[in-house]
Amino acid sequence: MADPRRFFDDIEVGEAYESPGRTVTETDIVLFAGLSGDYNVLHTDAEFMKQSIFGERIAHGLLGLSIQAGLFTRATQAYATLAFVGLRWKFKGPIKIGDTIRLRAKVTAKKETSKPDRGLVTVERVVVNQRGEVVQEGETDLMVERRRP
Amino acid sequence: MSVLAPSRFFFEDVELHGIRETPAITVTEAHVALYSGVTGDDPPGHGAAPSLLPLCLTTGLGWRIPQPPLAVLAFMGVEWHVDAPLAVGDTIHSRSKTAVKRAMREGGVIIEERAVINQRGETVQHGKFTFLVARRPAPAAAQGDSA
Chain E
4 MADPRRFFDD IEVGEAYESP GRTVTETDIV LFAGLSGDYN VLHTDAEFMK QSIFGERIAH
64 GLLGLSIQAG LFTRATQAYA TLAFVGLRWK FKGPIKIGDT IRLRAKVTAK KETSKPDRGL
124 VTVERVVVNQ RGEVVQEGET DLMVERRRP
Chain L
877 MSVLAPSRFF FEDVELHGIR ETPAITVTEA HVALYSGVTG DDPPGHGAAP SLLPLCLTTG
937 LGWRIPQPPL AVLAFMGVEW HVDAPLAVGD TIHSRSKTAV KRAMREGGVI IEERAVINQR
997 GETVQHGKFT FLVARRPAPA AAQGDSA
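Chains as they are written, first to last, in the numbering used here: chain E, 4 to 152; chain L, 877 to 1023.
Next up, chain L with everything else stripped away, as it sits in the complex (with noise of 0.2 Å):
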């Protein structure tokens, strides 16, 4: 019996101007009540959520596409802004783009521009990840073999 490895999604697989839209994910009480107490951020009151959550959310809603994980090396940059307050109740998702792919001697950087949307439709929040990603291990090589 054979057991394969988790598959990871590497450098050279990253389509350019691909786009990827995510599950959705309604904000509660107890989002803005965890992030506030690991944070130690102030809650921004009135049923808002606090900003940068929408920011942290995100990053998982990536994880419930069907595609292996990015082998991302480092996690560079991120700018972001913020379009319109979100609240309490509210459902988001995101639609992410690859809007730039370099190559470099090690991995390669990919820029993605990501949206997070709410149940209207609206933008509430984007900007661009920076990410260096892995690339594709060579075949094994032959040494070792007992041929």
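Isolated chain E (complex conformation) (with noise of 0.2 Å):
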């Protein structure tokens, strides 16, 4: 049977995908704190934050970054990937209980390693709630397979 991932051969740049939306509830927000232990007064205490300049509570950022990645899964056909290598991204506003999310994703660049099974792939990702408002946006770098000759 055909491997379904898409390889770095088969994937082009400019090719782009959406993702469905993902409405990002209050139950996320203290799972991810219990994860991740950062109990911030930012996403933990709603009194608190009713006094700030967002009213409410709001999203760890990595938890939105967190959410992308999984939307990124739902986005696009797998790809054949190896490793994740890095990312750059910036966290351009709140995420509210209750907001609904999504990603758009471009691929911006390929580049071939010095290993010849493999390359690195460039995605440009911007994270929009459901005002088509821009909360977060980055790039990332991953390490795909490449299909063997």
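No lab work stands behind these hints: they were computed from the structure. Hints may be right or wrong, so weigh each one.
What the hints assert, rightly or not - Example chain E residues on the side facing chain L (calculated, C-beta under 10 Å, incomplete): (1) 25; (2) 36; (3) 76.
Backbone N, C-alpha and C fix where the C-beta goes; we use that ideal spot for every residue, glycine too.
Put the complex together from the two separate chains, hints included.
The following block contains the structure:
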């Protein structure tokens, strides 16, 4: 049976994907606080946050980053990824409880490496909310397998 | 009886080039399962931890050092590099250094270099966090005092 994953050779610069939406809930934030141990008042103290510029609790920035990684797997057929190499990321606005976010991703670069069995794929990613506002954006570098000759 | 408000670490309190080392945490199957469930990111399998999990855990490790929490107004950005894979059962801690401290009109920008280190002393991930941090509020004004 053919391998359904997409290899370095199959991926083209310029191809773009859009994920389904995902509504970020209070449960997501509470679970992420418990998992990460980051109990910053921004994410956990509803009363304190009433007085803040946000007016309510907001999601951890890294929760948004992690959720978009999950949305990427639902936006396109899986890459034959060998490793996640790195990212450059900006947090542009808050994700509040009940907001629905989706991912827009685009392949911006492909680079061969010293190893003939793999290549580096750069994906530009924009996370937008239900109003079309950009809440996070950045680039990720993935090491992807090449097809065997 | 007076009640002290929880203390916070303001822009003025941050020491440029100051280094902080956190206690450690062992990465377990439970972390991987919770992370995959919350984020929807596919677990890599073969006992490997998801690539972004150590990055997420390092934010919590920072809370375990005996210092009041940084008065973060906004988490502005992160640059991150994965240097080596991490497996379930590995124990990580993080080491941070304040690389840049830049005063702004509202608060100040702190850029922190951070490395995640495993039980063998190897750096498995590293990068930079950029935060907008509040300035220490001026002492309460005299207005409202009955005197």
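Going through the hints against the structure:
1. 25: holds (7 Å)
2. 36: Holds. Min distance 8 Å.
3. 76: holds (5 Å)
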